[in-house]
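Residue numbers (the numbering used here), protein chains in the order written: chain A, 15 to 290; chain B, 15 to 290.
These aren't lab readings, by the way, just hints derived from the structure by calculation.
Keep in mind that this is a model prediction, so the values were computed, not measured.
Take the hints with a grain of salt, since some may be wrong.
It does not matter which identical chain is meant; a pair holds if it fits inside one copy or across any two.
Claimed, not checked - Distance condition first, Cα-Cα at most 20 Å in a straight line; then the derived SDA-like pairs of lysine to any residue:
#1 K235 - D194
#2 K235 - A245
#3 K235 - G219
#4 K235 - P110
#5 K235 - R216
#6 K235 - F193
#7 K164 - T103
#8 K164 - D176
#9 K235 - V187
#10 K235 - T81
#11 K235 - P186
There are 2 protein chains.
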Amino acid sequence: MANRREIGAAALAAAALLAARPSQALDAARPSVWMPPVRIAMLLYPGMTALDVVGPQGLLAGLAPDTLHLVARSVGPVLSDTGLSLIATTSFADCPTELDVLFVPGGDGTAAQMRDGATLAFLRDRASRARWVTSVCTGSLILGAAGLLKGYRATSHWCARDTVLPLLGAIPVDDRVVFDGNRVTAAGVSAGLDFALALAARLRGEDYARTAQLVAEYAPKPPFEAGSPAAAGPIITQRAQAILDTLVTEARKAAAPIQPPELGLGDAPPPASRED
Amino acid sequence: MANRREIGAAALAAAALLAARPSQALDAARPSVWMPPVRIAMLLYPGMTALDVVGPQGLLAGLAPDTLHLVARSVGPVLSDTGLSLIATTSFADCPTELDVLFVPGGDGTAAQMRDGATLAFLRDRASRARWVTSVCTGSLILGAAGLLKGYRATSHWCARDTVLPLLGAIPVDDRVVFDGNRVTAAGVSAGLDFALALAARLRGEDYARTAQLVAEYAPKPPFEAGSPAAAGPIITQRAQAILDTLVTEARKAAAPIQPPELGLGDAPPPASRED
Numbered sequence: 015m016a017n018r019r020e021i022g023a024a025a026l027a028a029a030a031l032l033a034a035r036p037s038q039a040l041d042a043a044r045p046s047v048w049m050p051p052v053r054i055a056m057l058l059y060p061g062m063t064a065l066d067v068v069g070p071q072g073l074l075a076g077l078a079p080d081t082l083h084l085v086a087r088s089v090g091p092v093l094s095d096t097g098l099s100l101i102a103t104t105s106f107a108d109c110p111t112e113l114d115v116l117f118v119p120g121g122d123g124t125a126a127q128m129r130d131g132a133t134l135a136f137l138r139d140r141a142s143r144a145r146w147v148t149s150v151c152t153g154s155l156i157l158g159a160a161g162l163l164k165g166y167r168a169t170s171h172w173c174a175r176d177t178v179l180p181l182l183g184a185i186p187v188d189d190r191v192v193f194d195g196n197r198v199t200a201a202g203v204s205a206g207l208d209f210a211l212a213l214a215a216r217l218r219g220e221d222y223a224r225t226a227q228l229v230a231e232y233a234p235k236p237p238f239e240a241g242s243p244a245a246a247g248p249i250i251t252q253r254a255q256a257i258l259d260t261l262v263t264e265a266r267k268a269a270a271p272i273q274p275p276e277l278g279l280g281d282a283p284p285p286a287s288r289e290d
Numbered sequence: 015m016a017n018r019r020e021i022g023a024a025a026l027a028a029a030a031l032l033a034a035r036p037s038q039a040l041d042a043a044r045p046s047v048w049m050p051p052v053r054i055a056m057l058l059y060p061g062m063t064a065l066d067v068v069g070p071q072g073l074l075a076g077l078a079p080d081t082l083h084l085v086a087r088s089v090g091p092v093l094s095d096t097g098l099s100l101i102a103t104t105s106f107a108d109c110p111t112e113l114d115v116l117f118v119p120g121g122d123g124t125a126a127q128m129r130d131g132a133t134l135a136f137l138r139d140r141a142s143r144a145r146w147v148t149s150v151c152t153g154s155l156i157l158g159a160a161g162l163l164k165g166y167r168a169t170s171h172w173c174a175r176d177t178v179l180p181l182l183g184a185i186p187v188d189d190r191v192v193f194d195g196n197r198v199t200a201a202g203v204s205a206g207l208d209f210a211l212a213l214a215a216r217l218r219g220e221d222y223a224r225t226a227q228l229v230a231e232y233a234p235k236p237p238f239e240a241g242s243p244a245a246a247g248p249i250i251t252q253r254a255q256a257i258l259d260t261l262v263t264e265a266r267k268a269a270a271p272i273q274p275p276e277l278g279l280g281d282a283p284p285p286a287s288r289e290d
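In isolation and in its complexed conformation, chain A is listed as follows:
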């Protein structure tokens, strides 16, 4: 019985179809006959933005029916920055040590995580072996605070990208999704959808990504043009900055003391890309 947790299985079932696929589509990666589940750990923390997590979770879940961990210091409910709680399934201690994807969301609670020793130690440890080290929104500031973006090109929510990322040794890039080696960072909140499709294509091929996109009917049609400061204009931008001011101010304070030697703790040469 098919469902959306089994997009991978559906890909197998479609092998015969793929064999008869029109040649113009052959550039898309073909699924191998046996595809191991992808091991994913997504960090949850108080004050995260739920959409940062739930967009990618929904699009990647088909790759990891039983191997997607929602990880927090302890198992149980975690309150988001809009008052919605997600349930952490796995504690730091019980999270698998070998991961294909380590993921960090952003949110109003970012600065507290940038200062949280247990979180930073968890991220450093898993990142040292993970195939992909990833974030959405201000999650990149938490990766940066763990020393994991030093020397890497990276993005973040527009409110913090150019001001806070450099304090953490990262090179800010104004793009929706930025790949640099095995680091993948995305812009604010809704960029998680674009990120997850791009990552899914690297993990399992473009056909998986396109299938997940169609299941999610991701043919966006925003009723307004206000998704970037340039599009929104100065008045709306000023209003959004007022909402995000505490987040940015606190993140900047949290980043300021993180200079060498702290950054040096996670300071290894960028690993070569391990993408397929």
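Add chain B to chain A, keeping to what the hints say.
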């Protein structure tokens, strides 16, 4: 201390700015000085698609800092169709009777809700007084099963729009977000973002919607063109249909017995639009 649950408050603080706003933007609704919180109830149920809920919740939460209810038969965790649990904050019994927005998500668990007497009774009751009766994805099939879309133009996930909605007395429309009277239905999953911005504009004016869009950095840039069957092509569409087949088959079965007199239960003349 500003945060993203207080976009409404930020709108107040920006009143002076708005007074000095360039004239070309004056078509946007100005916020009134006192804006009551919006009363929102979002249904949760086993097998819902979490993103259907979390996208709109994130964008609308600023309108309803203490008046947004995540409603289920009982309070506590509710498992989504991709294995992520959200926590219901309010039971059917404790949900306020007067609502500005009644919202129903879709998901693999749709058919079970179409047959669930308690859920349908709850929806019929709250819808009879709600200012807006809304859905994302196959949530419209649940509204339809409650008799709430008879004679209305409506949309749904592409997999069920033209095949199942008519069985429920609705007139299918192939659009991202469909307003008809006080019914607002959206296409599949990710359409919830477009829906929430369109609804937010009706509830609180375009400036609120644009601010929420900028906070969420909703400037979508999908890496592929596969968000509709036409864009994805026949092979990917066939694969997605395999994933969605059980949902559609079960929803069709659940809809088949719902003919008058069942539909007649909720069959009142469409209320005049109460939008501002």
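Cross-check of the supplied hints:
In this homomeric assembly, K235 and D194 come within 20 Å of each other (Cα to Cα) only across copies, at 19 Å, whereas the closest approach inside a single copy is 29 Å. Taking CA atoms no more than 20 Å apart as the test, K235 paired with A245 passes in both settings, with 15 Å inside one copy and 14 Å between copies. Only between protomers do K235 and G219 lie at most 20 Å apart by alpha-carbon distance; the minimum there is 19 Å, versus 25 Å within a single protomer. Taking the shortest Cα distances, K235 and P110 never come within 20 Å of each other, neither inside one copy (38 Å) nor across copies (32 Å).
For the homomeric pair K235 and R216, the shortest alpha-carbon distance between copies (17 Å) is at most 20 Å, but the shortest distance inside one copy (26 Å) is not. Within a single copy, K235 and F193 get their C-alpha atoms only as close as 26 Å, which misses the 20 Å cut-off; across copies the closest is 15 Å, which meets it. Proximity of K164 and T103 under a CA criterion of 20 Å is satisfied in neither setting, with 30 Å inside one chain copy and 41 Å between copies. With identical chains, the CA atoms of K164 and D176 are at most 20 Å apart within one copy only, with a shortest distance of 15 Å there and 52 Å across copies.
Proximity of K235 to V187 under the C-alpha cut-off of 20 Å is restricted to the inter-copy arrangement: shortest distance 16 Å between copies versus 25 Å within a copy. Taking the shortest Cα distances, K235 and T81 never come within 20 Å of each other, neither inside one copy (33 Å) nor across copies (28 Å). Only between protomers do K235 and P186 lie at most 20 Å apart by alpha-carbon distance; the minimum there is 19 Å, versus 28 Å within a single protomer.
Violated hints, listed in ascending order, are 4, 7 and 10; each of the other numbered hints is respected by the structure.
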